[in-house]
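There are 2 protein chains.
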Amino acid sequence: MSQSHLAEIDGLIIDLDGTVFHGSRLIEGAAETIARLTAFGKRIVYLSNRGNLSRREVCDRLNGLGVPAVPEQIVMSSTVTAGFMRRTYPGSPVWALGEQGLRDELEEAGVPLADRPEQADWLIVTLHESLTYRELNDAFRAVRGGARIIATNSDKTVPDASGAAAIDVAGMIGALTGAAGRLPDLVVGKPSWLMAEAALAALGGGVERGRCLVIGDSMESDIALGRLFGMKTALVLTGSTTREMAGVGKHKPDYVWESIADAVM
Amino acid sequence: MSQSHLAEIDGLIIDLDGTVFHGSRLIEGAAETIARLTAFGKRIVYLSNRGNLSRREVCDRLNGLGVPAVPEQIVMSSTVTAGFMRRTYPGSPVWALGEQGLRDELEEAGVPLADRPEQADWLIVTLHESLTYRELNDAFRAVRGGARIIATNSDKTVPDASGAAAIDVAGMIGALTGAAGRLPDLVVGKPSWLMAEAALAALGGGVERGRCLVIGDSMESDIALGRLFGMKTALVLTGSTTREMAGVGKHKPDYVWESIADAVM
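Quick note, the sequences are listed as chains A and B, same order.
Just so we're aligned: 177 in the numbering used here is position 177 of the first sequence, and the numbers increase by one with no gaps anywhere.
Just so we're aligned: 110 in the numbering used here is position 110 of the second sequence, and the numbers increase by one with no gaps anywhere.
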């Protein structure tokens with residue numbers, strides 16, 4: 001991105017998986033690029049559809065990879081789900097199908113966790129990479145008991161540690177939909193208004209949408225979110241999308257980059 | 001409901017199908033009861049998960065059945081969906097799978113309708129009782145072209161003109177989920193916060209939640225909405241729920257009535 005184009009940007013909303021890192025491996029040039037953007041005075045938030053991790057875990061991972069970050073810069077779908085529940089249904093007990101990161105975000109937001117599945121008003125579903133039948137069945141019991149389903153995201157697959165496609169939240173939802181006959185009432189993840197509002201809030205009040213750039217590897221979540229909310233968009237080819245796929249969708253990105261390193265030329 | 005209990009209520013949020021009427025037939029005593037509640041100075045709004053009808057159509061039906069009403073008292077899931085789209089995604093073109101009532105509400109709210117399915121950012125799905133394969137396939141084309149799905153409600157069945165269970169919005173969604181592999185991002189209908197907020201807004205600013213009574217025939221939508229938002233609740237047995245079912249759910253109603261006529265003793 002040329003200096004003159006970069007001058008039109010105040011805030012960067014950066015995806016994580018496939019954009020900054022693959023699992024525990026940093027994408028080449030990401031740390032230096034983010035350091036330079038920070039030095040230029042750009043505000044940066046990381047916006048991820050991952051609902052199974054807490055901000056704290058992701059912050060530790062970024063710092064471990066040489067990317068300085070604080071939890072306030074990190075917005076996960078788990079974070080946004082927890083904030084939505086606290087504001088919209090205060091005091092309603094929830095049951096969580098997912099990893100500890102989701103429970104951490106819910107507890108930090110003060111969302112009460114039900115003691116038993118049947119007591120829950122809401123079932124929150126996210127990725128659970130060590131899922132057991134018993135946990136899946138507890139979620140089913142919550143739904144049978146009247147809980148409505150909220151999903152942190154509805155991605156179909158997620159890259160596993162080896163990079164292969166692994167079953168994501170859509171699979172967990174499919175199990176519940178098949179068994180209990182109930183659809184989620186809300187999918188929180190990108191490109192939703194909830195994620196866009198949370199990212200803008202994390203950037204700080206003064207940043208205009210039109211002076212934000214969304215950087216990510218997904219046409220459906222990252223580029224769509226940017227286009228829907230009047231932000232500029234850059235697709236990176238380090239994740240799930242090829243250059244050919246970038247030309248097909250409804251929401252065309254403003255930029256197509258080999259990697260996030262192209263953000264600063 | 002005794003006069004002393006009624007004195008604690010300022011606003012009534014009344015379901016329509018199964019509570020006030022069955023199709024084109026008024027439920028016995030409904031018109032007189034509503035007239036008395038109005039005479040007592042209670043504010044009344046009608047809140048329905050129906051997304052295929054406009055406020056205007058429902059208002060005409062109520063008036064035709066001898067229940068005086070104005071469109072401002074009527075909140076359908078089509079109304080709430082249209083308002084949500086206007087506020088949250090202004091200018092984003094939508095494709096509508098459903099009857100004219102949905103399109104009327106979208107147009108009145110200034111939500112732009114796409115000329116072709118592939119141009120839509122959003123597909124709104126509601127009940128369509130004269131659905132054709134071509135219309136279903138147009139909706140599929142919208143989703144294949146990248147539109148995200150918003151459902152006015154996710155009821156599985158709806159009574160047809162003869163009172164028999166007929167396929168409702170969950171069936172339309174099932175067709176799209178099966179063919180396109182995409183879930184709805186949002187289900188607007190009761191007991192959502194969107195419906196609760198719209199009902200309270202229609203009642204007028206000054207009415208407190210704790211002084212509202214929700215009257216309806218569905219544990220899952222009417223009673224759940226009231227309980228989730230701190231309102232009082234009355235289940236009527238003129239619709240889809242029996243007295244036995246009323247004792248089973250998580251959200252128990254404050255009152256169980258043979259019909260809406262029990263609102264005024």
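Think of the hints as simulated: they come from the structure by calculation, not from any bench.
Just so it is clear, CB atoms sit at the ideal spot from N, CA and C, and this is done for glycine as well.
Treat the hints with care, as some may be off.
Claimed, not checked - Computed beta-carbon distance windows for the label pairs:
1) Gly174(B) to Leu136(A): 34 to 42 Å
2) Phe40(A) to Lys156(B): 39 to 47 Å
3) Lys156(B) to Gly163(A): 46 to 54 Å
Stated by the list, open to error - A few chain B residues that don't get close to chain A, going by computed Cβ distances all over 12 Å:
4) Met1
5) Asp10
6) Thr88
7) Lys156
8) Ala170
9) Glu197
10) Arg227
Status of each hint after checking the structure:
no. : hint                               : verdict
1   : Gly174(B) to Leu136(A): 34 to 42 Å : violated (21 Å)
2   : Phe40(A) to Lys156(B): 39 to 47 Å  : violated (54 Å)
3   : Lys156(B) to Gly163(A): 46 to 54 Å : violated (40 Å)
4   : Met1                               : holds (25 Å)
5   : Asp10                              : holds (22 Å)
6   : Thr88                              : violated (5 Å)
7   : Lys156                             : violated (7 Å)
8   : Ala170                             : violated (7 Å)
9   : Glu197                             : violated (9 Å)
10  : Arg227                             : violated (9 Å)
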